[in-house]
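Here is what each chain is made of, one letter per residue.
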Amino acid sequence: MIKLKNLERSYPLGKEKFFYVLREINLDVAEGDFVSIMGPSGAGKSTLLHILGMHDHGWRGEYFLGETAVHHLKPKERATLRNEQIGFVFQQYHLLDDLTVYENLDIPLSYRRYSKSERAALVADMLDRFQIVGKKDLYPCQLSGGQQQLVGVARAIIAEPKLLLADEPTGNLHSSQGEEIMELFQKLNNEGMTIVQVTHSEKNASYGKRIVQLRDGWIMKENR
Amino acid sequence: MMMSGVEEAAIGDPGSIPLDQSERDLNVLEGQFFFTIDDKSVQRVERSRVTTNYFHLLGIPLLRGRLFNESDNDTAPQVAVVNEAFAKSFWPNDDPLGKRFKAAKPDAPWITIVGVIANARTQSLAQADVPQIYLDIYQTGAKHLAIFIRGHLERTAIPDQVREHVQSVDPTLPVFGAQTLNETVAASLSQRRFSMEMVGLFALTALLLAGLGIYGVISYLVSERTHEIGIRVALGASRSNILRMVLRQGLGLAIMGAAVGLVCAQIVSHLMASLLYGVRPTDPLTFAGVALLLIGVALLACYLPARRAMKVDPIQALRVE
Numbered sequence: 011m012i013k014l015k016n017l018e019r020s021y022p023l024g025k026e027k028f029f030y031v032l033r034e035i036n037l038d039v040a041e042g043d044f045v046s047i048m049g050p051s052g053a054g055k056s057t058l059l060h061i062l063g064m065h066d067h068g069w070r071g072e073y074f075l076g077e078t079a080v081h082h083l084k085p086k087e088r089a090t091l092r093n094e095q096i097g098f099v100f101q102q103y104h105l106l107d108d109l110t111v112y113e114n115l116d117i118p119l120s121y122r123r124y125s126k127s128e129r130a131a132l133v134a135d136m137l138d139r140f141q142i143v144g145k146k147d148l149y150p151c152q153l154s155g156g157q158q159q160l161v162g163v164a165r166a167i168i169a170e171p172k173l174l175l176a177d178e179p180t181g182n183l184h185s186s187q188g189e190e191i192m193e194l195f196q197k198l199n200n201e202g203m204t205i206v207q208v209t210h211s212e213k214n215a216s217y218g219k220r221i222v223q224l225r226d227g228w229i230m231k232e233n234r
Numbered sequence: 178m179m180m181s182g183v184e185e186a187a188i189g190d191p192g193s194i195p196l197d198q199s200e201r202d203l204n205v206l207e208g209q210f211f212f213t214i215d216d217k218s219v220q221r222v223e224r225s226r227v228t229t230n231y232f233h234l235l236g237i238p239l240l241r242g243r244l245f246n247e248s249d250n251d252t253a254p255q256v257a258v259v260n261e262a263f264a265k266s267f268w269p270n271d272d273p274l275g276k277r278f279k280a281a282k283p284d285a286p287w288i289t290i291v292g293v294i295a296n297a298r299t300q301s302l303a304q305a306d307v308p309q310i311y312l313d314i315y316q317t318g319a320k321h322l323a324i325f326i327r328g329h330l331e332r333t334a335i336p337d338q339v340r341e342h343v344q345s346v347d348p349t350l351p352v353f354g355a356q357t358l359n360e361t362v363a364a365s366l367s368q369r370r371f372s373m374e375m376v377g378l379f380a381l382t383a384l385l386l387a388g389l390g391i392y393g394v395i396s397y398l399v400s401e402r403t404h405e406i407g408i409r410v411a412l413g414a415s416r417s418n419i420l421r422m423v424l425r426q427g428l429g430l431a432i433m434g435a436a437v438g439l440v441c442a443q444i445v446s447h448l449m450a451s452l453l454y455g456v457r458p459t460d461p462l463t464f465a466g467v468a469l470l471l472i473g474v475a476l477l478a479c480y481l482p483a484r485r486a487m488k489v490d491p492i493q494a495l496r497v498e
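Chains as they are written, first to last, in this note's numbering: chain E, 11 to 234; chain P, 178 to 498.
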């Protein structure tokens, strides 16, 4: 599903000097895979995830998503592709504080080609699937961290993406809430969704099928 | 002998000079005629003394009766031509021709109305229906005369040519104060124009301040919402989605402000009534136009912050929290 060839990301430091965040990244992620990217702070994990999520466009190399050569696409075309195929879960949930749970779930749909009735049906379905119907009119500040992340995951998959990217999804949760989220990820993966997550936790990484270790921008090793 | 280039000429007293403010004041003092009709209404009427050519020269058509003629000399009974407003004021259901009036002086002669002319804006550009009487200057005489000429003349040569002709009759007669009709009209509007320019200046300043205010508020709101915008972009919002979101917010504020402004304007606009000409204080087209202009300025003021919002980098915005 994902193929990266010699992908590099750098920032200019001065005249003809660059600081490399990612170097010669070669990575294949098959459809239905569950990959955990691990590594110390500053290893380039989140940068890699944002490149996969097409939030970052300043990289070099080749990136194929399915049959599409992302490296040949313009930013606007990448945004369209991202909207069609990718969902994103953030460590800090990033729910919009002044919107209810229902409205937060509706946001991604409002930026895609869904009719109002389709949007309502999808949100209702997602509330039901995640068993948060009773919380649909609550605001994020009225939810626990685990519940907020649950809404975050629901929001990421509501537009039915093929690929779910998660940047330390349990980083702000206590262990039981983290487990709940990881079990949810495993369930989604078992249903066929491809997942790439960044994590510091060995335990959380073990929920996936593969672990990719990053060090100073290089892929050091892969464990299956 | 007619001056070269002159097609038509007439004579009147200073009160007959159209829209001439200073002379009109004099005319008001001299020409306050008080009429008592049915013992109940008292009304002031403007009076001028003119020759018969005056009406044709100023393009004021005769509606009924006749203008002055050669038989109206200083030995004949005095006659007058009145305008339609005068006729309607005093004889709304009757023919004014043949009716008589006189000044409220013991020895004043009776004056017979012989003609009715159309109303004209000779006293005020804003009002055509000021009741007006025209007497024959050959019957009444006048201490000061105004000479009206129409034709193709060199503007700068007029005073000298007229002075030369007048002084060929009597070299002691002073001739001064030549003005074209356009200059007279412009002079009569000068006070209104100044008021309008002042109001316009204040309005422009207010518009500028309103634009700056909206720009400031929307800039602040955009900076406050940078994180939210970053999330929205990360969740799929396009640049145009963000632009629309910010503009919609600014438009909401502008519409609210315009609505409040329109209500306030409705309340106070009658205070400006005396400065307006050809437009009502609550003219809907003007109100709608101004509201649209303000909304346009507001949208323009929102556009810069909106463009800034479009460029929000989701990665940076999400890291900032």
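Since the hints were derived computationally from the structure, they do not count as laboratory data. It is possible that part of the hints are untrue.
With a straight-line Cα cutoff of 25 Å, these simulated DMTMM-like cross-link-like pairs (lysine to aspartate or glutamate) come out [as the list claims (entries may be wrong)]: (1) K145(E) to E405(P); (2) K213(E) to E178(E); (3) K84(E) to E261(P); (4) K86(E) to E184(P); (5) K231(E) to D107(E); (6) K13(E) to D116(E); (7) K488(P) to E34(E); (8) K27(E) to D249(P); (9) K276(P) to E261(P); (10) K279(P) to D249(P); (11) K488(P) to E41(E); (12) K126(E) to E405(P); (13) K146(E) to E193(E); (14) K13(E) to D43(E); (15) K320(P) to E341(P); (16) K219(E) to E178(E); (17) K488(P) to E193(E); (18) K13(E) to D135(E); (19) K488(P) to D107(E); (20) K488(P) to E201(E); (21) K231(E) to D108(E); (22) K27(E) to E72(E); (23) K146(E) to E405(P); (24) K25(E) to D38(E); (25) K86(E) to E405(P); (26) K126(E) to D116(E); (27) K25(E) to D43(E); (28) K488(P) to D135(E); (29) K13(E) to E26(E); (30) K488(P) to D43(E).
**Request:** For the pair we were handed, K126(E) and D116(E), check the Cα-Cα distance against 25 Å.
**Result:** Roughly 10 Å separates the two Cα atoms, so the pair holds.
**Request:** Could you grab the alpha-carbon distance between K488(P) and D43(E) and see if it respects the 25 Å cut-off?
**Result:** violated (34 Å)
**Prompt:** Can the restraint linking K488(P) and E193(E) be considered satisfied, given a maximum Cα separation of 25 Å?
**Reply:** violated (37 Å)
**Item:** K27(E) paired with D249(P) [C-alpha distance capped at 25 Å]
**Value:** Not OK: K27(E) and D249(P) at ~107 Å, beyond 25 Å, violated.
**Asked** Taking 25 Å as the top limit, are the C-alpha atoms of K488(P) and E34(E) close enough?
**Response** violated (29 Å)
**Prompt:** Within 25 Å, alpha carbon to alpha carbon, are K488(P) and D107(E)?
**Reply:** Given that 25 Å is the threshold and the Cα spacing comes to 22 Å, the pair holds.
**Item:** Restraint status (C-alpha distance of K231(E) to D107(E) at most 25 Å)
**Value:** Judged against 25 Å, a Cα distance of about 40 Å means the pair is violated.
**Prompt:** Has the given pair, K13(E) with D116(E), been kept, meaning a C-alpha gap of at most 25 Å?
**Reply:** Violated, at about 31 Å.
**Prompt:** Between K13(E) and D43(E), does the CA-CA distance stay at or below 25 Å?
**Reply:** Roughly 13 Å separates the two Cα atoms, so the pair holds.
**Request:** For the pair we were handed, K276(P) and E261(P), check the Cα-Cα distance against 25 Å.
**Result:** Answer holds: K276(P) to E261(P) is near 14 Å, not above 25 Å.
**Asked** Taking 25 Å as the top limit, are the C-alpha atoms of K279(P) and D249(P) close enough?
**Response** Roughly 17 Å separates the two Cα atoms, so the pair holds.
**Item:** Straight-line alpha-carbon gap K213(E) to E178(E), limit 25 Å
**Value:** holds (12 Å)
When held up to the earlier numbered hints, the structure conflicts with 3, 4, 5, 6, 7, 8, 11, 17, 18, 20, 21, 24, 27, 28, 29 and 30 and fits the remainder.
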